[in-house]
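Trainee: As they're listed, the protein sequences go chains A and B.
Counting in the working numbering, the first sequence runs from 601 upward without gaps.
Counting in the working numbering, the second sequence runs from 601 upward without gaps.
It should be emphasised that the hints constitute simulated quantities derived from the structure, not laboratory data.
It is possible that part of the hints are untrue.
Where chains are identical, the list cannot tell them apart; a pair therefore holds if satisfied intra-copy or between any two copies.
Derived DSBU-like pairs: lysine-lysine, alpha-carbon spacing no greater than 35 Å straight-line [unchecked claim]:
(1) K909 with K714
(2) K971 with K652
(3) K971 with K1043
(4) K909 with K971
(5) K971 with K714
On a predicted model such as this, the values are computed, not experimentally measured, just so you know.
2 protein chains.
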Amino acid sequence: MTEIEQKIDPETGPEHFSPEPQDPPEEQDGYTLDRRNVAAILFAVDTGDREKLVELMEPLHAADIADLLEQVNAYDRRRLVLLYDREFDGEILSELDDSIREEVIQLLTPDVLKEAVRELDSDDVVDLVEYLEEEQQEAVLDALEDSDRHAVEQALSYPEESAGRLMQREVVAVPEFWTVGQAIDMMREREDLPEQFYHVILVDPKMRPVAHVTLGKLMASPRRTELSEITEPSFRTIPAMQDEGEVAYAFNQYHMISAPVVDEDERLVGVITIDDAMIVMDEEHEEDILRLAGVGEGSLNDRVTETVKQRLPWLAVNLGTAVIASLVISLFEETIAQFVALAVLMPIVASMGGNAGTQALTVAVRAIATKDLTGSNVWRVLRRETLVGLVNGLAFAVVMGIVGLIWFGSPALGGVIAAAMVINLVVAGLAGIAVPVVLDRLKIDPALASGTFVTTVTDVVGFFAFLGLAGTVLL
Amino acid sequence: MTEIEQKIDPETGPEHFSPEPQDPPEEQDGYTLDRRNVAAILFAVDTGDREKLVELMEPLHAADIADLLEQVNAYDRRRLVLLYDREFDGEILSELDDSIREEVIQLLTPDVLKEAVRELDSDDVVDLVEYLEEEQQEAVLDALEDSDRHAVEQALSYPEESAGRLMQREVVAVPEFWTVGQAIDMMREREDLPEQFYHVILVDPKMRPVAHVTLGKLMASPRRTELSEITEPSFRTIPAMQDEGEVAYAFNQYHMISAPVVDEDERLVGVITIDDAMIVMDEEHEEDILRLAGVGEGSLNDRVTETVKQRLPWLAVNLGTAVIASLVISLFEETIAQFVALAVLMPIVASMGGNAGTQALTVAVRAIATKDLTGSNVWRVLRRETLVGLVNGLAFAVVMGIVGLIWFGSPALGGVIAAAMVINLVVAGLAGIAVPVVLDRLKIDPALASGTFVTTVTDVVGFFAFLGLAGTVLL
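Take the sequences, apply the hints, and build the full model.
Mentor: Set out below in structure tokens:
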């Protein structure tokens, strides 16, 4: 570990090239699209000032332009794309949200589309077309050169969300017995090195990857060094059929930068780099968060009808569970008719149980996703959650017992709500862990379905315990 | 775009080195710690068989060993660490969860600790010590060599969760006017190149980074090429004081691999690589998910007391809001006493509102985090959510109207619950967007506090609308 070496000679002459100021000094959150910028761009669109538009868009990263297109309304989007015309870059398409992408592709003339997609790497084109409707997919594929089209079609032959779809086919591989000098010479001669690569992959005569060497090590080693002497210990290969979520997990867990992808015969078919893995991880997290909230997928860009379609089924499921809870309440109608205070207090017990259950289940769902909750510790975790539920339950039992007593002047009512609170929080802790674990064993995504089950359990148990105890004690 | 070139000569002789089978062919989810493996390791610990333990642990990645230590109970963990003794690797410490890390460090003898931390890069040591208690922090720092200790202390002088804490200080920088040949020669001579690096940074005479060149481009270019001719267009610098969440956002948004970190005078002080950014992104997501569920932080490894401490405050807040909802109900005690059916049905209205609100707020919280919900589209989004709430509300109004009619034989009751449903779902959509947006403007983390506010609104509005309408219509 050394600090930065001041290898720069302070005497050295004038600068050879004057770099443009790449970025204005950024504020703490300096990456948001500037509102004034958006306004200026929309003004250029309003006035049909193409030159100004191009000038304003020029410094923006494709990802920011995509964000801009997502934020403006459909009318402005259409005018902007049409005015921008042939400046439109393939990368912008790559960055666009699926729902907007189809709309934008329809606006592009065949010529613009052709030029846009031809700039992209094969893995980006795959990413671009995989969720397009058939007609549009054809249009994009037709725009490609034959060899590229072939590469993309082959990638599409892998299942959705597999490593095969994620990988790029451009790789740098050399025989395992080569030296540093041979590898460097080959790279200097080769005209078509990938845009970004971080390792030279060593392969055996059957094209099976056996190790890899970082470019940094290659740089630092004498030419005669055998590549096999400077390989990375962390080397791993990825099966082409592996789920992309697992790929992202491996990159994160093992701090990988790039890894070769192999077919079922262990032969090299491509390479996945960490930036692709990071995008997948981001998407998987997004999915988990939305699923936990009962939103299958969905973004702000979806139309009203789509949003309704995404959310309605979850609300329908919730209605079903709410009706079950209501049926439990209806068993005790007579009790409630005599003590209306029960109707006032009963939502508290249910609500506390629901919240405690959600806490436990969220921790469990995350732990399952990160492989921290397994067969070897599930019983310990269950025991622990029961204890947590008990402690929290007792704490709130005391509080609610006092509230019940003061509010309604009935020690018996205070006792009932206290007991119901303890029961429901313990059950919440247990259900919060058990439900996601069981769902996971049944190969059902725990993020998707746990919430409904757990809150049904806590609602039913909460109402039953509270009203049942009240019926016994108070009547 | 080209496919893999078959540069391997099929004639070439026997393999020079026979690579060990690095991994057994992985199944679809091949990264979980094998349960049999865990059992075998624990058996070796039980029998005090050090040799067997080392043999079993040898092939495991430090991250997996850390997971193993987190999964076993404290008693086994202690015995395992003591038996493993000087095989204990610094990287395992880095990978450990904060809560377990302190416990493990206490088990290590000073000698073992010293050797463990000396292997680590400065940024890993920073990550290791930053959340340790003072005494332990001192012990780790004392184990370092002076220069390293100095580097770590300097990093610790940056604020928590800043780019300065995240960066590594080992960089590869050259004067901006150098050629490819000069850069390569320098790297070959330099003894202390960082373990992993992806770019050569070009700096001006004042050590201000002006551009960078990928190692791949360096490899592929003739020696006499000026570095300034082959720089990356995507170059960005990161201020050392920037929040690490913003750094992770930038890496993900702009597909960066590494970026120089600069001080307030724009001078190079370190470099951040994508693998660090990926870890931060993972942590931020985790935090968001847990906060949305009302769990501040927390993992399965926390002790019962810690878990109770984390969850109790949220449950207390929820109790407060539940009591507010109960107060609303108590306004209508007389109405309920006359129509007990109201007590049976009222949780349905509240529950549906709560769910619809959670859906909307989750989408909004995510959109704020990814900077997709901004001043330029917030009104459009609000309008859209109101519409979604209206459509869903009408759909469930019809259903519940019919349920109310059939169940209780009262068209008026059916009408009341239908109307309350529409009102509450519209309010849920509005509150679900407005609450996180306002909290964000007030610089309060919307993931943390939105849920409570939104469900309070939907509970209060739900009970008020339903019972209020019932009081007017049915009495």
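Trainee: So, for every hint listed, does it hold in this structure?
Mentor: Against the structure, the hints:
{"no.": "1", "hint": "K909 with K714", "in the structure": "within (34 Å within a copy, 59 Å between copies)"}
{"no.": "2", "hint": "K971 with K652", "in the structure": "between (52 Å within a copy, 25 Å between copies)"}
{"no.": "3", "hint": "K971 with K1043", "in the structure": "both (14 Å within a copy, 34 Å between copies)"}
{"no.": "4", "hint": "K909 with K971", "in the structure": "both (32 Å within a copy, 25 Å between copies)"}
{"no.": "5", "hint": "K971 with K714", "in the structure": "between (44 Å within a copy, 30 Å between copies)"}
No hint from the list above goes unmet by this structure.
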